[in-house]
Amino acid sequence: MAFIPMAKYPDIVALPEGLRGDYIILRNPKVSGLELMIVWKIHLDEEGRPTPVLDLLTKVPEQVLEQNRVTVENAPARFRSLLLLLGIETAIENLIKALDLEK
Numbered sequence: 001m002a003f004i005p006m007a008k009y010p011d012i013v014a015l016p017e018g019l020r021g022d023y024i025i026l027r028n029p030k031v032s033g034l035e036l037m038i039v040w041k042i043h044l045d046e047e048g049r050p051t052p053v054l055d056l057l058t059k060v061p062e063q064v065l066e067q068n069r070v071t072v073e074n075a076p077a078r079f080r081s082l083l084l085l086l087g088i089e090t091a092i093e094n095l096i097k098a099l100d101l102e103k
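Going by UniProt numbering, the residue at position 19 of the sequence shown is 19; the numbering climbs one at a time, nothing skipped.
Treat the hints as calculated values from the structure; they're not laboratory data.
Below 30 Å or equal to it, Euclidean Cα-Cα: the simulated DSSO-like pairs (lysine-lysine) are:
1. LYS30 x LYS59
2. LYS97 x LYS59
3. LYS8 x LYS59
4. LYS8 x LYS30
5. LYS59 x LYS41
6. LYS41 x LYS97
7. LYS41 x LYS8
8. LYS97 x LYS8
9. LYS30 x LYS97
Take these sequences, add in the hints, and give me the full structure.
Here it is in C-alpha cells:
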C-alpha cells in the first residue's frame with residue numbers, strides 16, 4: 001500500500017500530476033502563497049540498485065519570509081536530515097503536521 005497523505009490531509013496535500021507525478025505540494029490553507037514542494041526521483045547505481053532522492057523547495061510570501069528567513073532557508077537541509085533519521089513517510093508526515101500547526 002502506497003503512502004498517500006492526501007486522504008488524511010486533503011486541505012494541505014496536493015498531487016498536481018496525480019499519483020504518477022514526481023512531486024507533491026503542501027499548502028497551509030491559512031497562509032496564502034505558502035507552499036512547500038517535495039520533489040523526488042529515483043537514482044540507479046551502477047548495479048541497478050534504486051535509491052530515492054527527495055528535495056524540498058519552498059515558496060514563501062515576502063511577509064512570512066521576513067519573519068522566518070533562517071527557518072525557510074534551512075528547511076531543505078532540515079528535511080534531508082529528517083529523511084535520514086525518520087524515513088520518507090514519517091519525514092513527510094512530520095512536515096505536514098508542522099505546516100498544519102502554522103494555522
